[in-house]
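Number of protein chains: 2
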Amino acid sequence: MTDRLDAQFAFLTEADRLKSILRGTTLADASRRENSGEHSWHLALYAMVLADQAGDGVRIDRVIRMLILHDIVEIDAGDTPIHGAHDPSEQAAREQAAADRIFGLLPKDLEADFRALWDEFEAAESADAVFAKSLDRTQPVVQNLASSGGTWNEYAVTWPQLQTRVGSKIERGAPVVWTWLRARLKAFFPEA
Amino acid sequence: MTDRLDAQFAFLTEADRLKSILRGTTLADASRRENSGEHSWHLALYAMVLADQAGDGVRIDRVIRMLILHDIVEIDAGDTPIHGAHDPSEQAAREQAAADRIFGLLPKDLEADFRALWDEFEAAESADAVFAKSLDRTQPVVQNLASSGGTWNEYAVTWPQLQTRVGSKIERGAPVVWTWLRARLKAFFPEA
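Chains A and B, in that order, give the protein sequences.
Sequence positions in the first sequence follow my numbering and run 1 to 192.
Sequence positions in the second sequence follow my numbering and run 1 to 192.
What the hints contain is simulated information worked out from the structure, not anything from laboratory work.
Computed from a prediction, not measured in an experiment: that's the story for all the values here.
You may find that some hints are simply not true.
The list treats identical chains as one, so a pair stands whether inside a single copy or across any two.
To be verified - SDA-like cross-link-like pairs, simulated, lysine to any residue; straight-line CA separation at most 25 Å:
| hint | residue 1 | residue 2 |
| --- | --- | --- |
| 1 | Lys-186 | Ala-124 |
| 2 | Lys-169 | Ala-192 |
| 3 | Lys-108 | Asp-61 |
| 4 | Lys-169 | Arg-4 |
| 5 | Lys-169 | Leu-5 |
| 6 | Lys-186 | Asp-6 |
| 7 | Lys-186 | Leu-5 |
| 8 | Lys-108 | Gly-84 |
| 9 | Lys-108 | Arg-184 |
| 10 | Lys-169 | Thr-2 |
| 11 | Lys-108 | Pro-81 |
| 12 | Lys-186 | Ser-20 |
| 13 | Lys-169 | Ala-85 |
| 14 | Lys-186 | Gly-78 |
| 15 | Lys-186 | Ser-126 |
| 16 | Lys-186 | Arg-94 |
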C-alpha cells in the first residue's frame with residue numbers, strides 16, 4: 001500500500017507543474033495569461049454547467065474526468081496556441097512521449113485508465129470526447145469575448161480561421177452553443 | 001434557450017474570478033501562491049487518483065463535482081487560511097451570502113443542484129463530503145512537504161494544531177493517507 005501511495009503522490013505532485021504552463025488565452029479580466037491547471041478546472045465546470053448541451057449518449061462524468069486530464073501532457077510538451085504556428089506531427093510526438101512519462105508515474109491500473117481517457121480525448125471520435133473537445137474550444141472564445149477580443153487581436157485571427165479551427169469543432173459537439181457564440185462574435189468579426 | 005445560455009455563460013464567466021483568489025499554500029515548487037481555481041482542479045485530480053482510499057459508499061464522480069464547486073464562494077468571501085486567525089461564524093455568513101449570489105446566476109435547476117452539492121460539502125456529514133474534505137486537507141500538506149514546510153513556517157504551525165485542524169479531518173475520510181503523511185511529517189514535526 002505504501003508503494004502504491006508513493007506512486008499516487010508522485011504523480012499528484014508532478015501534476016502540480018501544470019499550474020505553471022501558460023496558455024495563449026488570458027483570464028476574462030485580461031489581467032494575465034491563464035495557466036493550464038486552472039483552465040482544466042474551468043472546463044470541468046463548463047461540463048457541469050453545459051451538460052444539457054451534450055449530444056445523446058454523452059456521459060458527463062466521463063467528460064469531466066477527460067477534461068481534468070486533457071492538458072496534463074503539457075507539463076512536458078508545452079501549450080500549443082490554437083492560432084499560433086506549429087508542426088502538428090512534432091507536437092503529437094512530444095505529447096505521446098509526455099503521456100508515457102507522466103501517466104507512467106501512476107500505479108499500472110490507474111495508468112491504464114487515465115491513458116485510455118486521454119487517448120480517447122485526443123482521438124476526438126467518441127461522443128464523450130467530441131463534447132469535451134467542443135467545450136475546450138468554447139472556453140477560450142468566451143474568455144476572448146469577455147476581454148475585448150483578447151488573443152484574436154494578438155494573433156490577428158480572421159473569421160475563416162476561427163470558423164475552421166474553432167467553430168467547426170464547437171458546432172460538432174455543441175451546435176446550439178456555437179449559434180449563441182456566433183451572434184456575439186459579430187462584434188469582432190463582421191462576417192460571423 | 002438563449003436566456004438559459006445567457007445565465008449559464010454569465011455564471012461561467014463570473015467563476016473565472018476564482019483564478020484570482022490566492023490561497024495560503026504555494027505551488028509545490030514554492031514559486032508563488034496557489035489560486036483557488038487551480039487548487040480545485042488539483043483536488044478533482046486527487047479524487048481520481050486516490051479513489052481507492054475512499055470509504056464504503058463513496059461515489060467518486062459526486063466527490064469530483066463537489067470539489068470543482070467547493071471553493072467558488074471565495075470569489076466573494078475570500079480564502080480563509082486554515083492556520084490563520086478568523087471568526088468562523090462571520091466567515092460562514094459571508095460564504096452563505098456568496099453562495100446565494102454566485103449560484104443565483106445559474107438557471108434555477110442548476111442553481112438547486114450546485115447549491116445542494118456545496119451545502120453537502122460544507123456540512124461534512126455524508127460519506128462523499130467526508131472524503132472530499134479529507135482530500136481538501138491532504139493537498140496542502142503534500143504541497144508543504146514538497147516545498148520544505150511551506151506555510152507551516154510562515155504560520156508557525158505546531159504539531160497539535162496540525163493534528164487538530166488537518167490530521168483529524170484527513171483521518172476521518174482517508175485514514176491510510178494520514179498514516180502515510182504522518183511518516184513524512186516527522187521531518188518537520190518530531191512529535192508526529
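Query raised in the report: Between the shortest in-copy and the shortest cross-copy C-alpha distance, which are at most 25 Å for Lys-108 and Arg-184: within, between, both, or neither?
Result: between (46 Å within a copy, 24 Å between copies)
Requested in this report: At 25 Å max between alpha carbons, let me know whether Lys-186 reaches Leu-5 within a copy, between copies, both or neither.
Outcome: between (52 Å within a copy, 17 Å between copies)
Query raised in the report: Taking 25 Å as the upper bound on the Cα-Cα distance, should Lys-186 and Arg-94 be classified as within, between, both, or neither?
Result: neither (37 Å within a copy, 39 Å between copies)
Report task. Using 25 Å as the alpha carbon limit, work out where Lys-108 and Gly-84 are close: within a copy, between copies, both or neither. Result -> Classified as neither: same-chain Cα gap 36 Å, cross-chain 40 Å, threshold 25 Å.
Requested in this report: Could you figure out if Lys-186 and Ala-124 sit no more than 25 Å apart (CA to CA) within one copy, between two copies, both or neither?
Outcome: neither (28 Å within a copy, 47 Å between copies)
Query raised in the report: Checking Lys-169 and Ala-85: alpha-carbon separation at most 25 Å within a copy, between copies, both or neither?
Result: Within one copy, since 19 Å is at most 25 Å while 48 Å is not.
Query raised in the report: Is it within, between, both, or neither for Lys-186 and Asp-6, if the alpha carbons may be no more than 25 Å apart?
Result: between (52 Å within a copy, 16 Å between copies)
Query raised in the report: Between the shortest in-copy and the shortest cross-copy C-alpha distance, which are at most 25 Å for Lys-169 and Leu-5: within, between, both, or neither?
Result: Classified as between; 19 Å across copies, 39 Å inside a copy.
Query raised in the report: Should Lys-108 paired with Asp-61 be assigned to within, between, both, or neither, using CA atoms and 25 Å as the limit?
Result: Classified as both; 22 Å inside a copy, 21 Å across copies.
**Report entry** Intra/inter-copy verdict for Lys-169 and Thr-2 if alpha-carbon distance must be at most 25 Å
**Finding:** between (43 Å within a copy, 20 Å between copies)
Query raised in the report: Given identical chains, is Lys-186 near Ser-20, meaning Cα to Cα at most 25 Å, within a copy, between copies, both, or neither?
Result: Classified as neither; 34 Å inside a copy, 29 Å across copies.
Query raised in the report: Between Lys-169 and Ala-192, at a C-alpha cutoff of 25 Å, which is it: within one copy, between copies, both, or neither?
Result: within (16 Å within a copy, 53 Å between copies)
Going down the numbered hints, you'll see the structure goes against 1, 8, 11, 12, 14, 15 and 16, while the others check out.
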